[in-house]
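Chemist: If you're matching them up, the sequences are chains A and B in order. Sequential numbering from 1 applies to the first sequence in the numbering used here. Sequential numbering from 1 applies to the second sequence in the numbering used here.
Careful: at least some of the hints might be erroneous.
[Claimed, not checked] Here are the computed lysine-lysine pairs in the DSSO-like style, where the Cα-Cα straight-line distance is at most 30 Å:
1) B:Lys78 / A:Lys68
2) A:Lys56 / B:Lys42
3) A:Lys71 / B:Lys57
[Stated by the list, open to error] Have a look at the derived ranges for each label pair, beta carbon to beta carbon:
4) B:Ser66 / A:Gln14: 47 to 53 Å
5) A:Val70 / B:His10: 40 to 46 Å
6) B:His10 / A:Thr10: 24 to 30 Å
7) A:Gln14 / B:Asp98: 42 to 48 Å
8) B:Gln17 / A:Arg51: 42 to 48 Å
[Said to hold, decoys possible] A partial selection of chain A residues facing chain B, derived with a Cβ cut-off under 8 Å:
9) Lys42
10) Gly43
11) Pro44
12) Phe46
13) Phe89
14) Pro99
15) Leu100
16) Phe102
17) Lys104
18) Gly105
I should point out that these hints are in silico values taken from the structure, not numbers from a laboratory. Heads up, the beta-carbon is just placed ideally off N, CA and C, and yes, glycines get one too.
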Amino acid sequence: GESVGLHLPTLSVQEGDNSIINCAYSNSASDYFIWYKQESGKGPQFIIDIRSNMDKRQGQRVTVLLNKTVKHLSLQIAATQPGDSAVYFCAESYSGNTPLVFGKGTRLSVIA
Amino acid sequence: EPEVTQTPSHQVTQMGQEVILRCVPISNHLYFYWYRQILGQKVEFLVSFYNNEISEKSEIFDDQFSVERPDGSNFTLKIRSTKLEDSAMYFCASNNLDLGVAEAFFGQGTRLTVV
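Model the full structure from these sequences, guided by the hints.
Modeler: Put into structure tokens, the structure is as follows:
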């Protein structure tokens with residue numbers, strides 16, 4: 001079946017460094033992608049989204065890159081802070097109309 | 001900032017009992033969802049609901065599950081006869097595709113423990 005997956009289950013970075021979290025997707029029909037942050041005991045929190053007609057989108061300290069050729073999505077966090085420590089999920093859907101399909105998640109640990 | 005609220009935050013129930021998980025979606029949202037997350041695993045889609053009916057459901061959402069919007073604000077998930085494997089975090093989410101709000105906003109979740 002088609003699925004969304006992640007390359008790295010865990011990532012440790014020094015405070016102040018940049019973080020890059022990767023995600024591979026296999027459903028070529030997906031045209032809407034979201035990154036969520038999940039802190040322990042809480043629900044997924046929206047970070048940033050991107051549609052397939054774009055290859056880059058920037059938010060506050062975060063950038064999402066989409067490479068449709070290789071079906072790859074990444075989340076870049078600039079100047080990583082201890083508060084960024086969480087599990088990050090990518091998710092995909094078709095035009096936002098279909099239910100989100102989540103990847104397995106990457107745990108980001110920020111070392112002070 | 002508007003948010004999705006869920007109650008209770010934690011529910012413990014005996015196997016075979018019925019449980020109802022409650023959600024209040026964001027007020028101007030029209031699309032509602034239930035997802036679940038077994039401990040340490042990824043978030044899985046259960047069901048979507050629009051215009052007072054189920055629009056899509058996953059294989060997980062079998063006859064033991066049902067959803068209802070009993071009034072203008074609440075959205076509930078009922079599990080008729082709970083099994084041990086139903087233990088998980090259950091998340092409610094909402095969005096409003098009609099207004100171009102595609103991102104789904106999630107509640108804090110209900111932790112269901114079946115013993």
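Chemist: Output the numbers, in ascending order, of every earlier hint that fails for this structure.
Modeler: 1
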